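Based on these hints, arrange chains B and C on the given structure of chain A.
Chain by chain, the residues run as shown.
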Amino acid sequence: MSVNTEMAVHVAKITQVAEKVKRFRFERIDGRPLPVFSGGAHVVVAMRDGDLLRRNPYSLMSSPYDQSAYEISVLRVEQSRGGSAFMHEHVKLGDTLIVSQPINLFPYDVRGRKHVLMAGGIGITPFMAMMDQMTNEGSNFELHYAVRDRSHGAYWRELTERYGAHRIKIYCDVEKLFIPTDAILANQALGTHLYVCGPSGMIDGVLGKATALGWPKQNLHSERFLAPPPGNVFEVNLNRSNKSIVVGTHQSILEAVEAAGVDAPYLCRGGACGQCETSVLGCDGVIEHHDIFLEPEDKTSGKKIMICVSRVKGQAITLDL
Amino acid sequence: MNIKFKQETFRDDFTYRNSPDNIKRFPFPFHEDKYMYSVNMEPHVPAGPKGYAFEHMIDVDEHYVSEMRDRALVLKEDPLRCQVLPHMMAAQWDTLELLMEQKAAGYPEHFSLTKDGYQWHWINRPLGIDDKFTFGDPSTLPYEPMEYITRQAQGDFCIVDQRDGNLWMDAGMVTTQADWSLDFDIGMNFMEWHGPVPLAHQMGVFDRALKFLLNLQQGKPVRRLNWTMTINPRLDTSPENYHKWGTDRMTVTPENVGDKVHLRCELQSLWRLPRSNAILFVIRCYLLKMEELVTVPKWGRRFHRVLRDLPSELVDYKGLTKFRPMTIEWLSKYDDGAATSSGIFPN
Amino acid sequence: MLVQGIKSRPVYTGLEIDVNARRHLFALEGEGIEALHEQVKTHGVEFLKTADILCVGSLPKVTAEYMWQAPTIPVLLNRLRINLINAKMGTRLYLSGTEGFIGQTMKLALDQSIDFNSIRTEHRGSLARRVQCVHCKGITDDVKTSPYKCTHCGLNLLVRDHYSRRLAAFQGVCIDAEQPGNAPPPVEMFP
Chain A
1017 MSVNTEMAVH VAKITQVAEK VKRFRFERID GRPLPVFSGG AHVVVAMRDG
1067 DLLRRNPYSL MSSPYDQSAY EISVLRVEQS RGGSAFMHEH VKLGDTLIVS
1117 QPINLFPYDV RGRKHVLMAG GIGITPFMAM MDQMTNEGSN FELHYAVRDR
1167 SHGAYWRELT ERYGAHRIKI YCDVEKLFIP TDAILANQAL GTHLYVCGPS
1217 GMIDGVLGKA TALGWPKQNL HSERFLAPPP GNVFEVNLNR SNKSIVVGTH
1267 QSILEAVEAA GVDAPYLCRG GACGQCETSV LGCDGVIEHH DIFLEPEDKT
1317 SGKKIMICVS RVKGQAITLD L
Chain B
5 MNIKFKQETF RDDFTYRNSP DNIKRFPFPF HEDKYMYSVN MEPHVPAGPK
55 GYAFEHMIDV DEHYVSEMRD RALVLKEDPL RCQVLPHMMA AQWDTLELLM
105 EQKAAGYPEH FSLTKDGYQW HWINRPLGID DKFTFGDPST LPYEPMEYIT
155 RQAQGDFCIV DQRDGNLWMD AGMVTTQADW SLDFDIGMNF MEWHGPVPLA
205 HQMGVFDRAL KFLLNLQQGK PVRRLNWTMT INPRLDTSPE NYHKWGTDRM
255 TVTPENVGDK VHLRCELQSL WRLPRSNAIL FVIRCYLLKM EELVTVPKWG
305 RRFHRVLRDL PSELVDYKGL TKFRPMTIEW LSKYDDGAAT SSGIFPN
Chain C
6 MLVQGIKSRP VYTGLEIDVN ARRHLFALEG EGIEALHEQV KTHGVEFLKT
56 ADILCVGSLP KVTAEYMWQA PTIPVLLNRL RINLINAKMG TRLYLSGTEG
106 FIGQTMKLAL DQSIDFNSIR TEHRGSLARR VQCVHCKGIT DDVKTSPYKC
156 THCGLNLLVR DHYSRRLAAF QGVCIDAEQP GNAPPPVEMF P
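Residue numbers (the numbering used here), protein chains in the order written: chain A, 1017 to 1337; chain B, 5 to 351; chain C, 6 to 196.
Please keep in mind that the hints were generated in silico from the structure rather than gathered at the bench.
One should not assume that every hint holds.
[To be verified] On the chain C side, residues computed to face chain B include the following (Cβ under 7 Å): (1) 13; (2) 169; (3) 178; (4) 179; (5) 182.
Since the model is a prediction, treat every value here as computed from it, not as a measurement.
Glycine included, each C-beta is placed from N, C-alpha and C at the ideal position.
Here chain A stands alone, though its shape is the one from the complex:
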């Protein structure tokens, strides 16, 4: 973690693209080109909120080849931990933010003969960049995009205009149009890959159906936007750094550790990638695992914890950090 590759950007444009969805355009302050990335990548945006340093991951939706700016879209979530509220209400044109290098935990499998994309709500964002890349690389794809209603759904009109109705299918909840998942899954040739991004329930539903229809897991890909859930306040003892810190109700262990000035590895900050796995040296309480990375045996052993999303129901935990 000793090499710093973060980039300072300023907010060059803010656009209200749909009810509750804003698009932010970031350009580098030093004028140098932003790194090219691959569709499905996200960046971690660090922003100052008083004496709190927020770090939130957002999918990049701009063209991977556009090095002049990065664009993200943020959904204003009601029960937000404050991240989306902060972005919507406090981030202004000209503000300076720090973004990480792009990280891709949701790339597409170029070997596939066809790619079926299913998006729910704000889950459309990684697919925007991915479809731009697929078009550039000549890959065969179709998008099935479910929105609540046409005024809340972002980008459905632009996508249909850009890629055509044979590639883009829009489904609207209020119009009682739903993605015909069973029919889509039953009709694909061998070598098709499926990608899902949206609410957890939608992802679980689609993947469950696909597995039940005999799709092997190597052909199924998903990205969840998991936020760390809240819980009781507890203490964390950092064995190697010799520090004792308190994790607040709406704060993750990772955030508390960072606030205490200790470096801890992370990539997705959503419990999926495994980078923040930490050894547990002792626990006064029960570990609440909220990640989708650890194997069941590891969860029950109590010896490992994913500090970006998991918590302790109890008093304290000692970590090898």
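This is chains B and C only, laid out in the frame that chain A set:
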């Protein structure tokens, strides 16, 4: 920095030699007086004294022109040393961009890259190349992008695709390898292509290395050093030609150890590629004969001890059996038993 | 390089029937039909109603939706290729027979963009190997000894456990490269 490129051979009459300055910049792989496998990866950032092999991230040295000539000969004899699986085109362009940018930045007197949108102009003065092409359009280059640029870059190159929680060797230019076959290994995953390496699997070295590499990030390349030994400064020690060069190992005598026996070091660097999310694995090969090695007293002492105490499985796997005793005997003259400083750099 | 006991040889995890698959496609050679018989003992005959079975050698003693017998492996491979082109997602592929047969059928499947981790395989019958000579690239089938003489270039080759899925072959490397003429006599290793 203007490099004076040598005209030398890596086969037949073996005129390859290191100039005195080149000896001092050799990436000596042993930081202590013994050797065992480890996940010895560190950030690939400039390090060491000025001019050292770690100064530029893609290293060019005095052997550049001659190495490229040897590569061209190897490819003519055996085109299967350069292969790319069909889904790796974006990764090929990533690789071309990386190598051109690094070479032009590190050695502006030898390489120039100018870009006008996707119209690129590449000049390689030592090889007399001056090409204009469209980035992203393979039809505008005389070879596919990876072959094009790796015919102009020292070392072997493997492009490793990341899928399904594993790494897959899906493209490569491999003409200076220590004894593995690209044609055989292409398409294998990380554990499979490392299959033949003894001991390391049981030690968990590969599990940890794989986990580390899966999380390799853009802008944060890493490096590690690997080593073996070669008789004569032969770059092409491929399994394909083993029946031709294998007999070299029997030609070592106590008198010619200093001249014939070479320490072969691989400076490996790993880079996350932007468009393809693949990893470029650079294996840059350096050869140093024993006579040249002992001109650095610390290295003479250390290598004697490393070789003497090397576990037998590694001796077997690295192919050192036939000439190791003679080499230890020869090196012992340069080991007075004095303490050596830790780290790899000469004192 | 001539170290024995290396770890990169294929592992055949068994023909375990995927109860979720909508169609089952079998390619069986010789004793490979026994693997299918055993699956019927475990899972019953229900899955056979949506199964296509392609065989080289005698047909299995089952009643499936469709069965087809090929006289030789190349003929089966031609037919399997067409089946795979027409197949839909939800089709599970099962391969059983000698390693050479599994390797060649798997190679076809990989060419049709099927991920190899999704294919179920079981080794049955002879241990004889398909070997690629790393020197001349010639492939020899049915190798039972190590070393063996390459049937293309004549070099004496050590048969390694290192295996390439792409080539569907083990690697053969010259065993007397350092001292030509000093090759040990062939020993039957893969009966």
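Hint check: is the beta carbon of residue 178 of chain C less than 7 Å from a beta carbon of chain B?
With a closest approach of 6 Å, the residue 178 of chain C hint holds.
Taking the least C-beta to C-beta distance, is residue 169 of chain C closer than 7 Å to chain B?
5 Å, holds
Hold the hint about residue 13 of chain C up to the distance rule: shortest CB distance to chain B must be less than 7 Å.
2 Å, holds
Let me know if the C-beta of residue 179 of chain C comes in closer than 7 Å to any C-beta of chain B, holds or violated.
Interface hint status for residue 179 of chain C: holds (4 Å vs cutoff 7 Å).
Agreement of hint residue 182 of chain C with chain B interface, Cβ distance less than 7 Å
Holds, because the Cβ-Cβ distance from residue 182 of chain C to chain B comes to roughly 3 Å (cut-off 7 Å).
The structure is consistent with each of the numbered hints, conforming to all of them.
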